[in-house]
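Engineer: Each chain, written out:
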Amino acid sequence: MAVREAEPVGSLQEVHDVGLDREDLFGIYRSMLTARGIEERGHILYKQGKIPGSFYTGRGNEASAVGVATAMGADDVGCPLQRDMGVHIARGVEPWRIFAQYMGRADGPTKGRDGNVHIGDARLGLHAMVSHLPAMLPVAVGMGLAFRIREERRVAIAWCGEGAAARGDAHEGMNLAGVRRLPVVFVIDNNQWAYSTPAHLGHAVDHLADRAAAYGFEGVVVDGTDVLAVYREAKRAIDKARDGGGPTLIESVTLRMEGHAVHDDASYVPREMFEEWARRDPIDRYRTWLRDTAAMTDAEEDEITAGVKRLLNESLQRAEESPQPDPATLLDGVFATQDELDTPHHK
Amino acid sequence: MAERTYLQAISDGLRQEMRLDPRVFVLGEDVGVYGGAFKVTDGFQAEFGPWRVLDMPLSETAIVAGATGAALMGMRPVAEMQFADFVSCAWDHLVTVAAKQHYRAGTPIPIVLRLPSGGGFSGGPFHSQNPESLFAHIPGLKVVCPATPEDAKGLLVTAIEDANPVLFFEHKHLYRRIKGEVPDERYSTPFGKARIHREGDDIVVVTWGAMVYTAADAAEIVAAEGISVEVLDLRTLIPWDREAVLESARRTSKVLVLHEDTRTGGFGAEIAATVAEEAFEYLDGPVKRIAAPDSPVPFSPPLEAAYLPQIDDVVAGLRELAAY
Ligand SMILES: Cc1ncc(C[n+]2csc(CCOP(=O)(O)OP(=O)(O)O)c2C)c(N)n1
Ligand SMILES: [Mg+2]
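Protein sequence lines correspond, in order, to chains V and P. Here this note's numbering is used: the first residue of the first sequence is 353, the next is one more, and so on. Here this note's numbering is used: the first residue of the second sequence is 129, the next is one more, and so on.
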């Protein structure tokens with residue numbers, strides 16, 4: 353059975369029909385620019401020796417991440433992964449805290465206990481990824497299970513890379529979600545590479561979304577460089593899950609536009625492939641659409657880009673002022689205490 | 129008060145918590161209609177319904193990860209491994225996710241994982257293990273090993289109340305063999321407080337789980353020879369009652385550590401090392417360990433009997449220590 357391949361989004365009317373007004377459209381653009389800007393600045397920080405350890409970016413995945421996050425409801429939750437900076441930004445994580453996290457400072461969301469985009473903010477419905485991929489996928493399924501038990505109209509988003517989709521965690525999570533028709537939307541970010549391993553050495557099906565049928569739910573392939581198409585498909589899947597229609601598997605196709613991490617020059621990726629996908633850059637593509645179809649003016653665009661630049665500058669400065677963590681706090685939080693349960697966000 | 133088996137006490141505690149708190153729910157393989165492989169949740173689904181007593185796919189990852197996700201959303205899952213041995217399939221979700229999430233992200237993971245463990249009935253290599261020390265080694269997890277019906281209920285209540293992932297090792301060989309008086313009302317037994325199972329002055333045996341009874345039987349035998357043995361039941365390994373162990377070590381001056389898990393890297397090594405570090409000058413003999421040898425658990429009765437620490441092994445160890 354061939355899965356549905358989603359159409360691109362065209363007209364402004366179509367966009368309004370799926371619930372986005374002009375401010376929303378600009379908000380999406382701002383989030384995409386901010387996500388990319390954070391990672392570009394992170395790169396500079398890394399070269400300046402201010403980021404310990406390694407450094408990962410999600411260049412090329414901005415549309416996929418922001419599109420899904422924009423479709424989530426306020427009380428929805430999820431476990432975004434290493435290419436999903438756009439999810440954190442679109443959900444409202446403050447960039448200065450991300451820079452502080454990069455540098456291992458006390459004000460990072462993990463207070464220096466973990467690095468990179470291993471962050472979450474439970475108040476925003478985001479839960480921090482672990483390195484082991486895709487361990488958070490079945491955890492998101494458990495969140496959906498809680499919603500189902502309590503009969504709440506909330507949805508959990510479970511992210512996964514196309515490489516990590518080879519692991520049993522992906523299977524066990526999707527299987528349970530299918531069996532119990534849980535309110536979970538699976539997003540497989542197929543950026544065609546898992547470190548140096550091409551997708552065809554990771555899975556044998558034409559589309560990972562084909563697997564959905566085996567779990568008893570719907571699969572769809574979407575162009576992950578088209579933020580509005582990603583939004584539309586995510587919204588549809590989330591609405592369906594919220595209404596008791598069970599899970600959907602969305603495969604979002606992009607190209608990882610940089611190496612696996614900063615140390616990797618990605619020389620194994622054919623040059624032409626990068627060139628082809630550079631022409632489909634999600635931010636350029638959306639900017640063109642905004643100008644041609646949504647009549648974004650120069651003044652509007654300037655305001656957005658200048659605002660993002662200002663935000664990044666201020667954030668960077670604030671993060672650099674954040675203290676290093678105090679070694680005396682090393683053992684804090686190995687165990688949780690009773691009074692931390694039942695805080696408003698822990699529900 | 130009523131006389132209850134160890135198994136009934138666990139059921140009673142769990143049922144009581146589920147009646148009290150709608151956030152508590154059970155998930156595992158065959159726990160619903162069938163009532164669990166050992167019948168701990170017999171009748172639960174009829175009382176609490178199919179969405180609070182969930183028959184899960186054969187999928188330990190989905191069970192433990194599912195519990196973790198639900199806990200993050202404010203539930204109090206009590207997950208069951210059909211046998212403790214199968215927890216290896218969910219290792220990542222305990223060790224990588226649940227154990228570290230609070231330290232990194234500040235979000236508590238209040239889950240309980242019930243683990244029917246232990247040998248003594250020809251369960252073979254895959255239905256007899258005692259993997260408690262593997263998890264005791266992982267910062268962020270709590271490890272509980274009740275020996276008596278009263279403790280089984282009280283410690284389960286504490287485990288459900290706890291804000292952290294708790295591994296609750298229920299010894300299968302105690303399920304129906306051990307009976308005791310258990311209060312009807314709700315009570316909780318604190319973690320990290322050892323219990324003196326039998327009083328004595330000459331030697332202390334530090335142990336937990338089913339070995340508490342092996343130690344007590346051995347103590348009875350050597351009592352006839354004039355050797356007075358204390359049996360100290362740790363009840364919980366993480367946290368463990370260092371003070372009680374050190375107090376007994378200083379008082380008796382001889383320590384035997386006994387466990388059913390294998391010897392090398394077993395939790396007994398931690399206890400022995402701590403006694404050596406903290407109570408060295410009080411000791412009148414070496415800290416002795418008796419544990420299973422470093423092999424998988426064998427199936428055939430004579431082999432399994434040779435594997436499991438027996439009363440005679442403990443008697444020999446006690447006599448050896450008494451001679452110092
Ligand atoms: C279980 C596990 N094995 C190995 C790794 C090391 N590793 C980190 S990312 C990665 C590639 C992941 O590929 P994919 O899932 O496609 O995500 P992408 O990085 O392409 O976004 C590998 C092998 C890991 N994080 N987890
Ligand atoms: Mg990939």
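No wet-lab data here; the hints were simulated from the structure. Because the structure is a prediction, the values reported are computed rather than measured. Cβ atoms here follow ideal geometry from the backbone N, Cα and C, with glycine treated the same way. Any given hint might turn out to be false.
Unchecked claim - Label-pair restraints from in silico Cβ distances:
no.: 1; chain 1: V; residue 1: D694; chain 2: P; residue 2: R379; range: 24 to 32 Å
no.: 2; chain 1: P; residue 1: E289; chain 2: V; residue 2: Y547; range: 40 to 48 Å
no.: 3; chain 1: P; residue 1: L186; chain 2: V; residue 2: E655; range: 55 to 63 Å
no.: 4; chain 1: P; residue 1: P185; chain 2: V; residue 2: A651; range: 54 to 62 Å
no.: 5; chain 1: V; residue 1: P679; chain 2: P; residue 2: P367; range: 22 to 30 Å
no.: 6; chain 1: V; residue 1: A630; chain 2: P; residue 2: P267; range: 20 to 28 Å
no.: 7; chain 1: P; residue 1: E375; chain 2: V; residue 2: I396; range: 56 to 64 Å
no.: 8; chain 1: P; residue 1: E313; chain 2: V; residue 2: Q690; range: 20 to 28 Å
Engineer: With reference to the structure, classify each hint as holding or not holding.
Structural biologist: The hints, checked one at a time:
Evaluation of the 24 to 32 Å hint for V/D694 and P/R379 yields a failure: the beta carbon distance comes to about 42 Å. In this structure the supplied range 40 to 48 Å holds for P/E289 paired with V/Y547, their Cβ-Cβ distance being about 43 Å. Restraint check, P/L186 to V/E655: a C-beta distance of roughly 56 Å satisfies the suggested window 55 to 63 Å. Here the CB-CB span from P/P185 to V/A651 is close to 56 Å, well matched to the stated 54 to 62 Å.
Judged by the Cβ atoms, the range 22 to 30 Å given for V/P679 and P/P367 holds: they are separated by roughly 23 Å. Checked against the hint of 20 to 28 Å, the C-beta distance between V/A630 and P/P267 comes to roughly 45 Å, which is inconsistent with it. Restraint check, P/E375 to V/I396: a C-beta distance of roughly 58 Å satisfies the suggested window 56 to 64 Å. Checking the proposed 20 to 28 Å range against P/E313 and V/Q690 shows it holds: the Cβ atoms sit about 21 Å from each other.
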